[in-house]
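Asker: Top to bottom, those sequences are chains A and B. Our numbering numbers the first residue of the first sequence as 1 and each following residue consecutively. Our numbering numbers the first residue of the second sequence as 69 and each following residue consecutively.
Please keep in mind that the hints were generated in silico from the structure rather than gathered at the bench. Some hints could be false.
Claimed, not checked - Computed list of chain A residues with no C-beta within reach of chain B, every gap over 10 Å:
#1 G28
#2 V29
#3 R31
#4 A36
#5 E59
What the hints assert, rightly or not - With a Cα cut of at most 25 Å, we get these calculated SDA-like pairs of lysine to any residue:
#6 B:K74 / A:E22
#7 A:K26 / B:G88
#8 B:K135 / A:G28
#9 B:K148 / A:S57
#10 A:K41 / B:A152
#11 A:K41 / B:R151
What the hints assert, rightly or not - Take a look, some chain B residues computed to stay more than 10 Å from chain A by CB distance:
#12 L81
#13 L129
#14 A136
#15 A205
Note that the Cβ used here is the ideal one computed from N, Cα and C, for glycine as well.
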Amino acid sequence: MPVIVNSIRRLRFDHGEMTQGELAEKIGVTRQTVNAIEQNKYSPSLEVAFRIASVFSVEIGEVFQYVA
Amino acid sequence: MSFREKIAWVSLLATASIYGWHFLTAQPFDAAGGAEAAPLLRLAILLGVVQIIPLAGLAALSPHDAKAPPDERDALIALKGSRAGYAVLVAGALAACVAGVHFGVGGAVLANGILLALVVAELAKQAFQILHYRRGA
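Isolated chain B, as found in the complex (with noise of 0.2 Å):
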C-alpha cells in the first residue's frame, strides 16, 4: 500500500469517525441550540490531531516513502477523487438551497445540513481515491 492510499485511509476514517460522532451524539441539528462556532472549530482541531498522530507515525516507519512527492499516478487518483467529491458537494449545496428557499429551513438545520453535505462530499473524495488505489488507477 502507498503512503498516499494510507493518507487516504487514514482521512477517510477519522473524517468518519469523528464527524459521525458529531452528527450522531451531539444533536447537532437541534435549532434551539442555535448555530454556533466553537464547536464547529473544536471538531476542526481534533480532525487534525486524529489524523497528525497516525500519520506521523507511519511517516516514522517509512520516512522515503513519506518524503517522496505524489507521482502522476497519485496526482490522477487525487483528481478522480476530487471530482466524485465536487459531484456530491453541489448535490448537497443543491439541497441546502432547496431547503431554504422552499421549506423555509434556516438557522442551525441547515449550517449543519451545509456541513454534512461537506462531510459526506469528503467522505466521497476519500472512498473513491481508496477505490482507484485498489483497481490500480
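Only chain A is shown next, with the shape it has when bound in the complex (with noise of 0.2 Å):
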C-alpha cells in the first residue's frame, strides 16, 4: 500500500533537539498534529507541508517522501 513517509523526527534533532511542541507552534498546529504526522498516521495539507519545510529552510521533498 502506498503511503507517504517523512523525516521530520531526523529534521527535528538535526535543528537543535527541537521539540515537537515547538515545531507545532512554528506551523500553527497542536503538537498532537505533529506527533501523528510523525508517525505518518496523518498526511498534512501542502499548506502545513509547506510551512514544515520552511522552518527548517528544506525543499518539500527532503521532509515526506511518497512510497508506492
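Join these two chains into a complex; the hints should help.
Answerer: Here is the structure:
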C-alpha cells in the first residue's frame, strides 16, 4: 500500500533537538498533530507540509517522500 | 491528549449520563405524561452546566491549549464525527417517520423517539471523533 513517509523526526533533531511542541507552534498546529504526522498516521495539507519544510529550510521532498 | 479530544470526552460522558438518566429513570415513553417542553429545557440546561464545569477546569489547567483554535486535523476529525452522527440521525428520523405513518405512533412517544435519535446521533459524533483522535486522524 503506498504511503507518505517523512523525515520530520530527524530534521527536528538536526535543528537543535527541536521539540514537537516548538515545531507545532511554528507551523500553527497542535503538538498532537505534529506527532500524528511524524508517525505517518495523518497526512497534512500541502500548506502545512510547505510550512514544515520552510521551518527546516529544506525542499518539501526532503521532508516528505512518497513510497509506492 | 489534545484539548479538542478532551472536549469530545466531556461531551460524550455528559450527554450519555444526562440523557441516559433521562431515558432510563424518567419513564419518557409514558404517553400519559404528554409532551412537555419544560423537562427538555431542564435537560438542555443541565447538560450545559455539566459540560461547562469540567471544561472550565481543563481550560484553567492548560490555558494555552484552550485558547488555540482548532487546526486542520481537528477540523477533519470534527467533519468525520459529524458525518457519522448525521447518518445515525437520518436513520432515526426515518424510523420516526415509519413509526408515525405506518404504526400510528404520535405525541410523547414520537417526541421522545426523535429526542433519542438526536442523542444517539450526538453520541455517535463524539465517539467517532474520539476514535479518530485515538487512531491519529
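Asker: Each hint: holds or not?
Answerer: Now for the hints, and whether the structure bears them out:
{"no.": "1", "hint": "G28", "in the structure": "violated (7 Å)"}
{"no.": "2", "hint": "V29", "in the structure": "violated (4 Å)"}
{"no.": "3", "hint": "R31", "in the structure": "violated (8 Å)"}
{"no.": "4", "hint": "A36", "in the structure": "violated (4 Å)"}
{"no.": "5", "hint": "E59", "in the structure": "holds (22 Å)"}
{"no.": "6", "hint": "B:K74 / A:E22", "in the structure": "holds (22 Å)"}
{"no.": "7", "hint": "A:K26 / B:G88", "in the structure": "violated (43 Å)"}
{"no.": "8", "hint": "B:K135 / A:G28", "in the structure": "holds (13 Å)"}
{"no.": "9", "hint": "B:K148 / A:S57", "in the structure": "violated (33 Å)"}
{"no.": "10", "hint": "A:K41 / B:A152", "in the structure": "holds (20 Å)"}
{"no.": "11", "hint": "A:K41 / B:R151", "in the structure": "holds (20 Å)"}
{"no.": "12", "hint": "L81", "in the structure": "holds (20 Å)"}
{"no.": "13", "hint": "L129", "in the structure": "holds (16 Å)"}
{"no.": "14", "hint": "A136", "in the structure": "violated (7 Å)"}
{"no.": "15", "hint": "A205", "in the structure": "violated (4 Å)"}
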